[in-house]
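Number of protein chains: 2
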Amino acid sequence: MFSQDQIKALAQPTPSKIILLVLDGLGGLPRMETGKTELETAQTPNLNNLAAKSICGLSQPVGPGITAGSAPGHTALFGYDPFAVNIGRGVLEAVGIDFPIEQGDVLARGNYCTVDGNGIITDRRAGRIATELNAGLCKLLEMKIDDIQVLTAPVKDYRFVICFRGAGLRDAVSETDPQHEGMKPLQVTATTAGAIKTANIANQFVERAMKILADKHPANMLLLRGFSREPEILSMQAIYKLKPAVVATYPMYRGLARLVGMANLPTGATFADEIKTVKEHYNDHDFFFVHIKPTDAAGEDGDFDRKVKILEDVDKILPDLLNLNPDVIVVTADHSTPAMLKGHSWHTVPTMIYSKYCRPDKVVEFSESGCLGGGLGIFPATDIMPLAMANALKLNKFGA
Amino acid sequence: MFSQDQIKALAQPTPSKIILLVLDGLGGLPRMETGKTELETAQTPNLNNLAAKSICGLSQPVGPGITAGSAPGHTALFGYDPFAVNIGRGVLEAVGIDFPIEQGDVLARGNYCTVDGNGIITDRRAGRIATELNAGLCKLLEMKIDDIQVLTAPVKDYRFVICFRGAGLRDAVSETDPQHEGMKPLQVTATTAGAIKTANIANQFVERAMKILADKHPANMLLLRGFSREPEILSMQAIYKLKPAVVATYPMYRGLARLVGMANLPTGATFADEIKTVKEHYNDHDFFFVHIKPTDAAGEDGDFDRKVKILEDVDKILPDLLNLNPDVIVVTADHSTPAMLKGHSWHTVPTMIYSKYCRPDKVVEFSESGCLGGGLGIFPATDIMPLAMANALKLNKFGA
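In the order they appear, the protein sequences are chains A and B.
One point on numbering: in the working numbering, the residue at position 7 of the first sequence is 7, and numbering is uninterrupted.
Whatever position you read off the second sequence (first residue = 1), add 1000 for the working numbering.
Think of the hints as simulated: they come from the structure by calculation, not from any bench.
Here are the simulated DSS-like cross-link-like pairs (lysine-lysine), alpha carbons at most 30 Å apart as the crow flies: (1) A:342 / B:1356; (2) B:1276 / B:1243; (3) A:342 / B:1362; (4) B:1053 / A:362.
If you want the footprint, here are the derived chain B segments under chain A, 3+ residues with CB under 8 Å: (5) 1002-1012; (6) 1351-1362; (7) 1372-1380; (8) 1383-1394.
These numbers come from a predicted model, not from an experiment.
Every residue, glycine too, gets a C-beta built ideally from N, C-alpha and C.
Work out the full structure, taking the sequences as your base and the hints as a guide.
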């Protein structure tokens, strides 16, 4: 991989515009009966037309055989080494809801959960309680422990953010979520000596929270995951000389985008709303990361047919986005989410890059099998940004 | 390449089973008259059927243009960086015959050879003397030189192991085998200052051995290769949380497998014997490395037709292995051995990975040309283990 410093040295601002359209969890696996994946099953004439004019390939989110979480999957798409940039779940959730992080804060993601009389977890998601109930409970959990302030903020359903604020906090502590029901929540332990204070504070917090939540069934306990602090990373403005913006309906993706410097453009709940948002701000930015969540959600639910339907719906209104005539449009995903696996997977991701200068290949179907013969081959997702920048004529020549 | 530490952090034990079937030296080159390689010439309906259900590709043993020896070829297949793991030939041979290595031992591979009256090598393999004769000669060569004990053990035909045991030995010394007939054996030289004692001992040993062997024509001299000490490497158990086992008819491959922690399952001389061995131990392990030697031997002998025949023989009994219903089966090789080159070569290796979740491509012929269009593309052999682990659902998600 060309280093970001090298890209930075070559990047130049130009008026050309790039749209990075991420159909989350796009890639799939074939249904037994037909031998076709979700994308191969869907009728997607507009994606196929675009593929015919594009250079296509299969991107590898973080490495062969490795299933990418959303954070490394997107970090790679934005051109950052997903191993060098470590964005914890706590920070992600916090940024995604505009939580005002201060320097030194340690953030964690909280899940309300249900425990039985013996403290055994019976539902890791507390029956997916309503966000309003979550908000009420969060207020009860704000407290001071020694010199540390504990702040909370609801995210969605049973998920919330917890912020430990004060001197001497570290994020090198373990999670309390045992990842399985039928077990008790775990103690927080410090993984470095410097984090002992943080572990103690977190354990005290959990103990007090347990008492506060005792009569709040089904949300009568909480689990803490992804203790983390804001990472120090160069912004996309600094690296690519872009004015980047994010259009996403789900907080985590906005959060991730804002960590790399993207402006958040508030939008509605549908792809049509998102396209409208891009249109409205088209003159203010030269890079738009447009995130589509329902493809991934359908895959996670194991709903092959719904994923097909969503892909067809996306395809129907794709022309509205193309009508903006961006100089470069990339269609890809952060990872595959095959309905068959009901979750993220390691499989490569159909990807196409359109520009006037892309050198189209012979691919006429935007799909897993179609992209296999494409001009991009099988390639690391971290190559997408340099390729998009090149196609936008935003990268100077390297060397004399 | 995803680091082994990263893989280690993601690996989880599950009941699923992986079979790694290595057809040593599998890849070939086309015969002039037909334009077809050994594998393309062979009738292999079972391999082809499996390919149709698999994801296929061409693996690169250690790098483009680089001809892999057996050790780096296999090291890469097991997921180890073949440049970071340096397993000398001496250690390999010793482990392969269960030679009881002690800490600090320097091991070399010995070849009996024939020299003429002027000490010029006339046969580097001493007419491939019988193993029994070899064993008798080895006994004559055990001796003490200063404080160093010299131990020997026969391997097979003209090959034996020699072990230098005692304080202050190093393996940074050169070989005595000039690699060509018509030359005299070389002096051992130290390549670091610390290895001078070892070089002196080795030269003294060769001098005494020459006298001992003088009347033992055709084995009237010996050559020493691959001075080495046991490398310190993490086991496959530690990295992959597997219970791995090796089924191989030839000592060196067993030795290599055992260096990375595989249990050795004693077996017979044929592929059918090897399958029987896998069957007998199927419940005790979740990873089976099954090594087939004759493909490579036929290639080394330049015998195109014999290699074709062996591939067809392997294909005929392949169903017995498939009937075990492993969750993942990988068919590949450590390197190509084209009959045309009578030796290992740098060419890519036909490889397929079958699992329920592999995302099959359009490849229906398991061959060099067939695999070229496969979904794995042209890829480093070190990717095979992460991909096999992923397909066995033994790797957790990376990142939130």
